[in-house]
Every structure is written in C-alpha cells, then in structure tokens.
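Number of protein chains: 2
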Amino acid sequence: MHVAVLFFAFALTGTTLALDNGLMRTPPMGWLAWERYRCDIDCENDPKNCISENLFMDMADRLAEDGWKELGYVYVNIDDCWSSKQRDDQGRLQPDPKRFPGGIKKLAHYLHNRGLKLGIYGDMGKLTCGGYPGTPLDKIELDAQTFADWEVDMFKYDGCYSNATEQELGYPLMSKALNATGRPIGYSCSWPAYQGGLPPKVNYTQLGEICNLWRNYGDIQDSWDSVLNIVDWFFENQDALTSAAGPGRWNDPDMLIIGDFGLSMEQSRSQMALWAIMAAPLFMSNDLRTISSGAQSILRNKMAISINQDALGIQGRRIVKEKSGIEVFWRPLSKNASALLFFSRRTDMPYRYTTSLSKLNYTAGSYKVFNVFTDETASLKDSTEFVVSVNPTGVVMWYVSAPAKFNLRQFYQGGTLHGRVYDDREENAIPRVFL
Amino acid sequence: MHVAVLFFAFALTGTTLALDNGLMRTPPMGWLAWERYRCDIDCENDPKNCISENLFMDMADRLAEDGWKELGYVYVNIDDCWSSKQRDDQGRLQPDPKRFPGGIKKLAHYLHNRGLKLGIYGDMGKLTCGGYPGTPLDKIELDAQTFADWEVDMFKYDGCYSNATEQELGYPLMSKALNATGRPIGYSCSWPAYQGGLPPKVNYTQLGEICNLWRNYGDIQDSWDSVLNIVDWFFENQDALTSAAGPGRWNDPDMLIIGDFGLSMEQSRSQMALWAIMAAPLFMSNDLRTISSGAQSILRNKMAISINQDALGIQGRRIVKEKSGIEVFWRPLSKNASALLFFSRRTDMPYRYTTSLSKLNYTAGSYKVFNVFTDETASLKDSTEFVVSVNPTGVVMWYVSAPAKFNLRQFYQGGTLHGRVYDDREENAIPRVFL
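As they're listed, the protein sequences go chains U and Y. The opening residue of the first sequence carries number 1 in this note's numbering; numbering runs sequentially from there. The opening residue of the second sequence carries number 1 in this note's numbering; numbering runs sequentially from there.
Just chain U, same shape as in the assembly (with noise of 0.2 Å):
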C-alpha cells in the first residue's frame, strides 16, 4: 500500500515540477511539415507541396474531415523554412508573403475553428537551420509574445547556429517568456538534442521544468535504418531517460513517418508501436491527402493509440534483447494494466518466439491478453508458456489486463531482464511501481 502511496506522491511532484502550463498531459499527437516536406519553398513548381499556408489548410482539412482529430490528432504544426527572410518594420517575425498570404493568425483560426491547434518553429540561433530568422536571445519576449498574438498553440525552438551558453540562457527564458503571455503555448525544445540527449550534459529534471517536450536525438529520416537507429539510442539509454518522462513532458524520439516512401506495412507497424511504448509525442509527417489505407489503418490503431497516451504517462523500457534477434519491450499503464511488445530485428522469416509471462517478470496470476494490431484476445496463466510469431522487422503488441498479482520489481533497474538482480521480498507486493 506505502508503494502506491509513494507513486501517487511522485504524480503529484511530476505535476509541480513542470513546465507550469498545464499542457500535454499525455503526449501530443498531431501533423508536423519537416520530415516529409522540409524546406520545399519552391511554391511555383511545387504548389501542392511547398511551405505554404495551403499546405497546413489542406492537412487541417484532413485531419478535421477525416475522423484523425477524434482520435487525438489536433496539433498542425509548421516547420522551418515558413517566414520572411526579414523581420518587419517593428522588428517582429512575419510569415513569407507570397507563401502565407493570409498571415499566421488567420491560418490560426481556419485551424480552431476545425478544433484544431497550430504549432510553429523557431530557432535559438541568429538563424534557422533552414537559414530564415532565428529568436536569439534579445528576441525571445519580443517573438513570445507575437506567436501568442497569433494565438498559436505549440512552438518548437530548434538549437541551430547557437551555443551551449546561449542554450543555457535561452530555452529557461523562452519557457518563461511563453508562460508570461498568459496563452497556454505547448514548448517543444530541441536543446538536449545538441547537447547529446544524456545526462551529466543534460539536465532532464530542469528540462521537465520548462519544457513540454524535447528532441533528445537527431532527425528522423524516411527510412528503417533511421528508425532503427533512434530506437536502438533510446532504448540503449533507457535509464538516463524514462525517469525524465511524465504528464506534461515528453522524450521525442521524433516523427511518424508512417504513410512516406520507406518502411514495410511491418516496421510501419514497428514505428508505431515502439513509439506508445516510448510514450512519445505521435507527429505524423506525411501527405493526408494521398495516404493508402493500409499506412491509415495502422497511425488510427485506437488500442496502439490508448496504449500511447496512458494516463500514468510512463515511459517503457526494453526488458528482454535475445541472441535470436528478438527483443521485449514493456510498458506499464493505468488500472493495474501493461503493454507488452515483440519486436524481431531478423531479415529471414518469422521467428516463433517461446516465453511466458512469468519469464517476463509478471508475478502469478491470470492474465488477459488482447492483441492490438489482431484484435484477438486470450486468457493466459503467467505460467504458460506460449509462441509468438513474430515477422522480420515487425512486431507482435499486446495490451496486457492484469486482475491478478502484477509485479514491476524489474523497473529501474536498468538493462535486460536476464541476468538481473532484485530483492525477493519484492515478490508479492501489489501492486510495484517504481519510484
């Protein structure tokens, strides 16, 4: 009982702790331009898919008319690459003119009133990384407050062309000079991602203070081996991050890039999965207009979805990587409940993977399983040993019930679940969270 105490105690210092905005109590889900449309400014040969207010008109309409808003998908957010070379006459950012004709605030409004969000870009440096102007120091209050006299809903402050010093002053001040607006502005900081995402370098719990969410690694790119690279860093580092996640402040691992041009229907799948595991932030980088079914049904899974943005907001964390290729992936969630993940690295065939759940740490019981990208369900005795297929590349998800004893005595203590070392009075307790 003192353990559930203790959790609630620590929800409770999580929500002090950050950043004062009440924002993205769950990851934030939504469409963002840059993975799948860069800096393509190029607006006369390339209108349908250039930076331009149409582009977040039509994705806005997409998302309103599609049924993707229902499901959590509300924040359109523009990229690098949107405003004039020059700031104007009073020395604020202003939107490219041929491009954002109808300017930011009017593209905000087409936005709420479809019940969506707008997010926005900057950079700390003097510049972008796109080369557009940035918000150094001495613009900070000044662009604060003209991204909340649009009524934007989300910034996020890339780190180009500055330098940790200026980083060290400026993400704090921003948070700062974004809450003084008065207009909840969901804060997206890329800092830790040019400070190499790890602590002594990275001080998350300052981080959870003033961010909503923060880039700790490079950019995705649209294929599997990028996938696969930001999965293996996270989870690799899982200790240093997980106990920086929480309601209100998120690790991002980066966009979706489901429905592009590079991954399978089974690392789509993958993606997506790992991605709830992470508890991370579901921006989809993709053309709205054009996606196939199949990509579709895979970012609207609403099991995969409801998995992602558990309550609890607790990052997963890798708990089995075998020799075979296959590793387990787990995350516990609200009501006592868990999702457990199956992912195989092989490039063969289908590897019948053997375990059980007590194997994988859960204590006895009767479990019910429900399989997300199946929807198939089964009762399962933590004893039984069971087979599950899984594809090369691919995944088996299961959102795991448990009324009975449910034992999380392999949390925090880094690494794999082979070869631990825990205390065996930990056995029995219900239920363990780790603190």
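Hints are computed from structural coordinates only; laboratory data are not their basis. All of these numbers come straight from a predicted model, not from anything done at the bench. Among the clues, some could well be false.
Stated by the list, open to error - Taking lysine to aspartate or glutamate and the DMTMM-like style, the derived pairs with C-alpha atoms no more than 20 Å apart in a straight line are:
1) U:K323 to Y:D40
2) Y:K323 to U:D40
3) U:K176 to U:E141
4) Y:K105 to Y:D88
To be verified - One side only, chain Y facing chain U, incomplete, derived with CB under 10 Å:
5) E35
6) R36
7) N49
8) Q221
9) D222
10) D260
11) L263
12) Q267
13) S268
14) R346
15) D348
16) N391
To be verified - For the chain U half of the interface with chain Y, some residues (derived, Cβ under 8 Å), not all of them:
17) G262
18) T347
19) R352
Yeah, the Cβ is synthetic: ideal placement off N, Cα and C, and Gly gets one too.
Fit chain Y to the supplied structure of chain U, relying on the hints for placement.
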C-alpha cells in the same frame, strides 16, 4: 547496317557458346523457397511453412490458378533442406520421407500437370549449406541421373564446403552430366559467388558455356539494405558483368523479396525495375497464399516483365550517378526501344530531377515514352528538358520506343555518362549496338 549484322553474329555465337540445352533464352521466372522459408523443417509446429511437398504444391496451385503462370512465372524451385540426411540403399539422394512422402517425381508430375516446372537443389561439398548430403565430385553423375529420372527441370548447384579446385572440376562436370541425361535441365551455378564474383578469378566466358545462370554475389535478405547492397555490387562491377549475360546465360542477383516483410511499396517497385534492367532471373520468394494486392500488382506488371524478358537479353547499365542521389539506368531493348530508369537513393522527399533524353545520350528525334508503373504516355523530343519526380528509395521507369535516331554510344564504355569519352563519328548511325 554492318553493325546490325555484327550483332546477329554475336547472338548466334552466344547460342553456340552457351550451355547447349536450348533453355532460358530469356531470364527464368518462377518461385524459389529459400529466402522466405529457409530451412524450416518443423512441420509439426509450422505445417503451412515448413519445407515439404505441401508447400510446393500450395505454391504450384497459386501459380497455376492465380494467373502467375501466364505471366511467365513457371518454375517452382526447391532449395536446401529437402532431402533425407541419408542416401538410399543404392547411394541415391532421397527426399525426407516425412516431408515429401510422395517423392520428388510425383511432385514433378503435379507441377507438370499444371504447366509448371520443378527445380531442385544440391551442393558441390560433402554437405549442403544446411548440412544435408551434398553432391561431391564422385556423386555428380549419379545425382544428375536421379534428378533426370525424377523429371526435374532445373538444378541449382550450391558451393558450401567445397574448395576452388573441386569447384573448377565439379561445375563443368555437372553441366556435362546434366546434358548427358538427355533431359533439358536448367543449370544454376553458385560458383562465382564463392570466388568473389569477378575476373580473373571468375571466368564468365566459361560460365556462359556451362551454366544457364549463376549467382555472382551473396544471398539476399528481407531488407532494403540487402537490396541496395546487391544493386551497388552489380552496378559498380557492371563492366565485368554485363558482357557475361545473354540469351541462355544470366547473372543472378538473387530472389525477389517483394511481398515479404522488409520492403515498402516504393522499394518493391525499385527491386522489380532494377531486376528488369539487369535482365535478372525473376524468382519470387514469398507467400503466394497471402501476398498483398499491392505487391501482386508490382510482380504482375506486364511492362516490367516484358523489359526483363526482352529477346535481345542485353543486361542494362547505370549511366548516371548524381551527387543528389539520383541515378539513371538504361537497357537497350529489341525494336530499337530502350528502358530508362530513374532511381532515388534519397531518404527525405520526392526529388524533382531535370534532364533531357539528349543528356542521357539519345540521338536527335522524337520518342514515345511509356511510364511502366503509372501507364502514362508522352511524346518527347530528345532536346526537351523534362522533370521526373522520384520518390525516396523509389523509381520512375520508362519504356522508350525509338522510331527516330537512337544512339547507344555510351554502352560498354564503362562507368557513368558524365565525363565519358566517345567517338563523334558514331553520332548518327542507327541503330547503335555494342559488340
């Protein structure tokens, strides 16, 4: 005119030099078990996927009943792990009695009754790669006769557990032994793959005389990285390889993995297109019982197949390699036509590539262009600048019919188009055919 005459002389010479079984005047097409089913012999727990007569009969049913056969996919090829671990009383190979209770001859009849052909597998060493009885030098005649007795139509001779000397004796010996049976048996030699795939270690003139096709390089795996690795090797070594190919004798970059787990739709089209440019054997290794309609439509693309199967049998080349990651491939086809392939190695967004047919070395004239994967057609003057939008890891493939002048001057001059040296006197002769 004399060029055309020389060309036909070459073609005739090709005929007499190639393995004298009259087979595979165009690259063989069909289905091969290995990549997708490996050495799965666990029929108890995995009855639908284990290496057994049921698997080959299932695939035969699909080829015959679902229209694959009519497209040219007629071979059903057994790979490793089909045999008993022991030869029979008379020293002959025998199939595993549990997994092939009907025997190979009955299976061959099952296929022949459906208008299909059966391929089987052996190895130059004492053991196959999977540890089953091999066909070393002293067993070659016996086993060739056994395969003929079983009415097998194709034989793949692997090289595990054999050395260079044994291979130098064994591969020609098997060729003679197969011919001596009097049964036309297509002969696939893994020999070059075991000798680095390049001259002087590999004698492609000799290979063309004794084998119908040969694996030059490592096994394909179910990943885009593997496809790229193979493509890189074949085109980096195109000067050594293209001249080896022709009717009856083919370089084999290994199976098509379209319909499996690792390739996106873009990447699937890329494999199909690149294999067509390479005049590669088209052996699918997938599950034809469950294959998606998207993968099917790529594998069934009639224009891609007809380019692959072009009667001239000239293996195509990479002619442009841009810093942007765009590459252009070209294959001359019969009727003065050609195939052009634009391929993107990028992993960001569709790339708009600007060029013209004259920049790609086509001579003055007006050409008809047919887009293989979209069925669009266009007329294009050689001098007209055009833009092709190539998706990341994707292709745009054109069949270019050439009523007008056509210049193949860069063919067999090595390397890429840019920076080439060619003889201006060649400019206006038609048609240009390499020697």
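Please list, smallest to largest, the hint numbers that this structure does not respect. none
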